[in-house]
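A.B. asks: What follows is the residue order along each chain.
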Amino acid sequence: MSANQSLSLRDRINDLQAEYIRCIDHDELERWPDFFVPDCHYSVTTAANMQEGLAAGLIWANNQAMLHDRVSALRNANVYERQAYRHIVGQASISATSTAGIPTETPFIVVRIMHDGVTQLFMTGIYQDVFVETEAGLRLKSRIVVLDSSRIDTLLAIPL
Amino acid sequence: MSANQSLSLRDRINDLQAEYIRCIDHDELERWPDFFVPDCHYSVTTAANMQEGLAAGLIWANNQAMLHDRVSALRNANVYERQAYRHIVGQASISATSTAGIPTETPFIVVRIMHDGVTQLFMTGIYQDVFVETEAGLRLKSRIVVLDSSRIDTLLAIPL
Amino acid sequence: MSANQSLSLRDRINDLQAEYIRCIDHDELERWPDFFVPDCHYSVTTAANMQEGLAAGLIWANNQAMLHDRVSALRNANVYERQAYRHIVGQASISATSTAGIPTETPFIVVRIMHDGVTQLFMTGIYQDVFVETEAGLRLKSRIVVLDSSRIDTLLAIPL
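Which chain is which? The protein sequence lines are D, P and Z, in order.
The first sequence begins at 0 in numbering that gives the first Met the number 0 and counts up one residue at a time.
The second sequence begins at 0 in numbering that gives the first Met the number 0 and counts up one residue at a time.
The third sequence begins at 0 in numbering that gives the first Met the number 0 and counts up one residue at a time.
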């Protein structure tokens, strides 16, 4: 994550999205919380829940420390170690910037590769993000991961 | 769809592609025709048909009014309401611009999410587009959707 | 492949990635070696092999002439003619440029469309690339294709 200020906002957002999924797909989860500001929001929910106005979601964190806790729990549980993931993110739709940050929406696909080599389409959805500028470059103030399907694999353990 | 002229042509094309699929995936089909100029061409065909020089295609519209008609027909038929779609578009290949417009080719993948949550790879192909500049920003003068597979689902009802 | 020097490095890399997959997906394999410099490296391996430090890989070429030979062999064998492929590449992660070139890492998905129209997720992985500047524009000095799955289809014949 470079803090290169000479790139356009769009390029910097694309950069951060590329680095974020690279962090997860390389299983470097310990640096996943670094993409967020300390006072952040992260949640995973479904499109159906969003339509019904249910805010709770499947996964929910209200600050960066909770993200670190989540990674520690995953490392101890080791439930996910026998799969690999491959994310592809599309182009971000960038809304008008306000003092509260830069709202964007970005579609994604996640493919899961099982230990025996079977490759399957795992899940799809959108990232509803709010980015903010920090001294270290762009960071996520908020990421709501909205999954298209409500049929959630109980192995949903890795960050999305 | 902003008319921001300070972005590069490439960024503006990426913007429009992102907004186009967002419109469809959010089921906001009523504004789908707005991505086209009034005197536009839109068709859906297959790679096999293209190779054989068959121009007819599966779906065909020769102006923006026909696109509005298509959306109305879809809303009345309601055949598609029990699925959701997720498009991912790749990078556009942009050809040399002429007075007739800006020809580009962009690959895409569409995933379908059934009402019971089953997620499947639905179709793949390329957008063969010609963009033109208007007072409101870039618009599609022509979009030919070339599907890779000739095994077309009879439910092919949403715009692509 | 234009040598347009007015675009940003990022845009030029995106351009080349788009043209590269377009060349393959349009079955124009004869110009595939042109994306490389004469003194190039190209190999295909798996994530598991990389982790174990096995350099050999599944496919290996040490200069552009070997790439031409590979295409000739494919054309004579015709083993792949009854499938089509659709690549989607994500955003490139671009590392710091050195005199040796521009290292990047780019995720990809390949979908295979069989002659009977069946569409399946074929493989996923990353391109570990080193680009260099030439008089004709950016070219690949090195591409290591790292596949996520070790279950490799014996039909793996087309360039990736």
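These aren't lab readings, by the way, just hints derived from the structure by calculation.
All figures in this text were calculated on a predicted structure; none of them were measured in a lab.
The beta-carbon is built from N, C-alpha and C at its ideal position, and this holds for glycine as well.
Check the hints yourself; a few may be wrong.
Here chain Z is said to cover these stretches of chain D; the calculated rule only asks that three of the stretch's residues, wherever they fall, bring their Cβ under 8 Å from a Cβ of chain Z [as the list claims (entries may be wrong)]:
1) 7-14
2) 18-26
3) 95-106
4) 139-145
A.B. asks: All hints, please: hold or fail.
C.D. replies: Structure-based check of all given hints:
no.: 1; hint: 7-14; in the structure: holds (count 3)
no.: 2; hint: 18-26; in the structure: holds (count 4)
no.: 3; hint: 95-106; in the structure: violated (count 0)
no.: 4; hint: 139-145; in the structure: violated (count 0)
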